[in-house]
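Enquirer: Given next are the chains, with one letter for each unit.
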Amino acid sequence: MKQFIARRIGYSLLSLFLLSVTIFLFVRVTGDPMTLLVEPGARPEDIENMRHQFGLDQPLWVQYWLFVSSFFTGDLGQSFYYRTPVLELYFQRLPNSLLLAAVAMALSLVIGIPSGILAAVRVGGFWDGFGKTFALLGLSLPQFWVGLVLILFFSVYLGWLPSSGSGGIAHLLMPAFTLGWYFAAAHMRLTRSSMLEVLGSEYIKLARLKGLPEALVIGKHALKNALIPVITLAGINLVVMINVAVVVETVFAWPGIGRLLYEGVTFRDFPVVQCVVVIGGSMIILVNLLVDLLYAIIDPRIRLES
Amino acid sequence: MTVTTPPLDAAATAAAPAGRTYKLWRLNGFPLIPVLILLFIALVAIFADFLAPYDPQIGSLARRFRPPAWETGGSMAHLLGTDHVGRDVLSRLIFGARVSMIVGLTAVLVAGGIGTLLGIVSGYLGGWVDQVVMRVTDTWLALPALTFAIFLAAIVGPSEFNIIAILGGIYWTRYARVVRSEVLSLKQREFVRLAVVAGCSKSLIMRRHILPNVINSAVVLATLMLGVVIVTEASLSFLGVGVPPPKPAWGLMMADGKKGLMVGYWWLTVFPGICIMLMVLSANLLGDWLRVKLDPQLRQL
Amino acid sequence: MASRSFLTTRRSVLALSTAAMIGAHRHAAAAVPKDELRVGAHVSLAPTWFDPAETSGIITPFMLLYAMHDAIMKAMPGNAMAPCLAESCTMATDGLSYALALRKGVHFHNGEEMTAEDVKFSLERYRGAASNSLKERVARIDIQDPYRLTIRLNDPWPDFLTFYASATGAGWIVPKRYVEQVGEDGFKKAPVGAGPYRFVSFTPGVELVCEAFDGYWRKKPSIRRLVFKVIPDEATRLAALQRGEIDIAYSIRGELADELVRTAGLTLKPAVGSAPFWLYFPEQWDPQSPWHDKRVRQAASLALDLETMNQALTLGHSRLTGSVFPENFEFFWQPPRPVYNPVAASKLLAEAGLARGFDAGEYFCDTSYANIAEVVLNNLREVGIRVKLRPLERAAFFKAYSEKKLKNIVQGASGAFGNCATRAEAFVAKGGTYAYGSYPDIDALFAEQAVQMDLAKRTAILQRLQQLVHEKAIYAPIWQLAFLSGVGPRVGQSGFGLIKGFVYTAPYEDLTLKGQG
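Protein sequence lines, in the order shown, are assigned to chains A, B and C. Sequential numbering from 10 applies to the first sequence in the numbering used here. Sequential numbering from 59 applies to the second sequence in the numbering used here. Sequential numbering from 1469 applies to the third sequence in the numbering used here.
Hints listed in this document are in silico derivations from the structure and should not be mistaken for laboratory results. Quick reminder that beta carbons are idealized off the backbone N, C-alpha and C, glycines included. Don't take each hint at face value.
[Claimed, not checked] Covered by chain A, per the in silico footprint, the following chain B stretches (three or more residues, Cβ under 8 Å):
(1) 98–108
(2) 163–169
(3) 287–299
(4) 328–338
[Said to hold, decoys possible] Think about it this way: if two alpha-carbon atoms lie no more than 27 Å apart in a straight line, the pair counts; the simulated BS3-like pairs of lysine-lysine are:
(5) LYS305/B with LYS1875/C
(6) LYS1872/C with LYS1982/C
(7) LYS1588/C with LYS1644/C
(8) LYS1867/C with LYS1603/C
(9) LYS305/B with LYS1856/C
(10) LYS1697/C with LYS1982/C
(11) LYS305/B with LYS1687/C
(12) LYS1656/C with LYS1644/C
(13) LYS1687/C with LYS1656/C
(14) LYS305/B with LYS1867/C
(15) LYS1762/C with LYS1697/C
(16) LYS1875/C with LYS1856/C
[Stated by the list, open to error] A short, non-exhaustive set of chain B residues, derived as facing chain A with CB atoms under 7 Å:
(17) THR130
(18) GLY131
(19) MET134
(20) GLN189
(21) VAL191
(22) ARG193
(23) VAL194
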């Protein structure tokens, strides 16, 4: 067990390392990094100073060390535009993204799990077909299109909902639905296949043989086991959602970190871009690690298999 | 995204009664309409110069914001209306098909090429090569594709070529993963072992024996990836870091049209959106079918 | 059963969302507190704009400077250089010094009184655009008493006041003791000035909140609170205005401006700034280039259908001055009105040997103004000048422009304060930041006016200079951009158009809400 944990943590550390190397290399490998690292319009003397500060006149591994050690001191640089530490900006906006992701996740589970169950229980029926179409659309439609169409209907034609900005529930509904649809589709599919698998298992056959009422079989025994992979996926997806919301946040002008990333790119504010990417990637690596470790604690087969 | 989604049909075809497998868009299970749609888009892209009634980049201000022909104020001269600079929407859609096709297909090929190659090499050779490739793959898969793409676009700047390179450079990881696991199981098969015993060189084995057998998975993945790549490209264009104006790209048309939406100029966003949707849906349906058809064991893609 | 629970869950979700929508609808109507003015800003507010020492030559920082700070002299309604914190500013007869007499009893937001120390400090700490010029030419600053000081120059400089009092933030006064106490970064986090509104809070990318400063020397502002909300997306900004979430929305263009005009209760306020737009031909000094021939450049100018463009993009409010110099600037010379004549343009091209048009390469522009570029591109193509659009993001565009890296055609613009001489310096004269070449006769005129202290003589020289710029077709002028903003029903005096050449609402102390004073 300990060996498994140690190995798994080791892999994550390695991934984090590779992530930092990737970001580091990409920034430096393409032309003159100073065009990215220094604010556009800086004076030549300032550029020279910054060049020295970043250690660009030193060997690559020294630069990398400077790069990584700055992370440990919590210094991910300063935004060119706002002149405040990027980390501060990031954490200012993070709660907004969390809120959006939480509501989107709730929607995706509320829609995805029941429809997945229904589709599995009544395979080939109307709900199955409906669910499949819903899922297909959710996985295929670009988020910005869904968002724009929703704005067209609910804001422009019907006037029910505000078209953008942050605020109360009304402001949340459309962006959360747009963000959540893709994941609702994924959760639906997973629920359905997981449910089908469980329903075909020995355990359930036994329960049926015992004469237990169908409702109990499905509702209690099957559901419990079928939902485990879905919940784990949902957990990971919550973190993924926070990081892929850039399009939704831009369409609906929602002030989260996705919007921050977009602003960073539009304003050529590279420290912001770098910060969002670094934290985003690390977040996902860590949540994957957590989920794997939890799984190992719960399910001994996994420990033994590896 | 890194979400693995099980296909819609694998379990269904097993459990459904015989008559139920005929859906609207299928003929004996073959996704006829999606394929036709994709072919149609490809043809439009190839023959764009002949099909488009106007130059997609020229318009006249006097004719701006004309609605589609069937609305009041529209005319047959501009079937699908005009945009904010007076350019014909239909012509831009047609040429946009070319951009989408080129970027989509090329990126998928590039990603597929790199990914398959690395997958084979890493799967077959094993050892530290395998470890390195797998670690990199896992790390890059952790980063959401769109975020990574935006990051790279911020560095190298947007242009058609850069976008293809970026998309190729991000999506190869998905191929590598799948191909590698294929290779791992192939390695144990008789004919490969025989080849080893017969003294074939590693590169020969990889080329002659392994590669043809992983092509199936690669193709399936390619069709599935096409949809994803196109959506990513459209999203990048929408955010302003994709194909730069005034080249007609569907995602860009939607970004330009967003302002008009408020004022009721719906055709600027709805038509390009429908095009993207058709292309992506078709690619996904085709990919789903291929996945089930070519090898049921690929269910976990 | 599973299906029943599914339906109940769905029903409750449906019920919740309906309730939310109804609630939201009612909520939206009662949006803004009575004594507050909400402004929807079109750009994200940068903390450097809170500090007059960092003005970078663009006009946007002044949106905030007019609210929170005050200056020795600044543009006010009816006076391009009205004395504010100074009661008078007198130039010595030899032109080597300027004596300032300060207004007494002016207080900063933190209660300190403004003295000559603060004025000296503000000028010395200025490090924004043109700070080099100021540092080189100002010899020293002598303080006679707390309310009088003299600025001494090394040489007579006819444009000193233009630089000091209108083009830069050097004449905007900040409290010396406070700045020294909190430091530069601290000042940007909590600025203190002498303006009609004091800083309350700033959330980057979201909003800036200010409160009326009752001790403002000029008058007590009638609106209690001023909130700048950052809404960079144009459609969102208009929607916010329509829903009453903001009272003023900056920068609403094109079809959205049409929509605004059609909406009852909203008013469109155009304000023509000091931003002429033009096409520049960097290759006109290269004999190999087709642009070397004056006729080709004139053809480009004749090909532009400016009236239609004006109507479409800015609802006809932009000024077709025919000049690349702002018409509200000192020393302006009015050229003949621009002509749209594509036939004549084609004829000129034919005379220049390019009857079938030519491939002119790339058309560089700032992405924010790609909408203008797309239209101009069309016009050029119609006479046979074929170009490919190459939009560059703003900072990158100006960097490449100033580093002389652009070719073929450049669509440029400048909204910086100053006068025609400062514009000529940057865009026409030899060695200018954005001048890729020069003509000897123009250079001679420029050198002459630089030392000419007599106003009438100087005006004549500068007007002749502008005439030559026009005759040589160095530029193809487009227009002087009208900045369109929307005003909601709550606003009484919106402040648009009060100060000539300034596009934002000002002076803030004069703004009123309906039902108030």
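Enquirer: Against which earlier hints does the structure fall short, listed by number upward?
Expert: Hints 1, 2, 6, 11, 15, 17, 18, 19, 20, 21 contradicted; others consistent.
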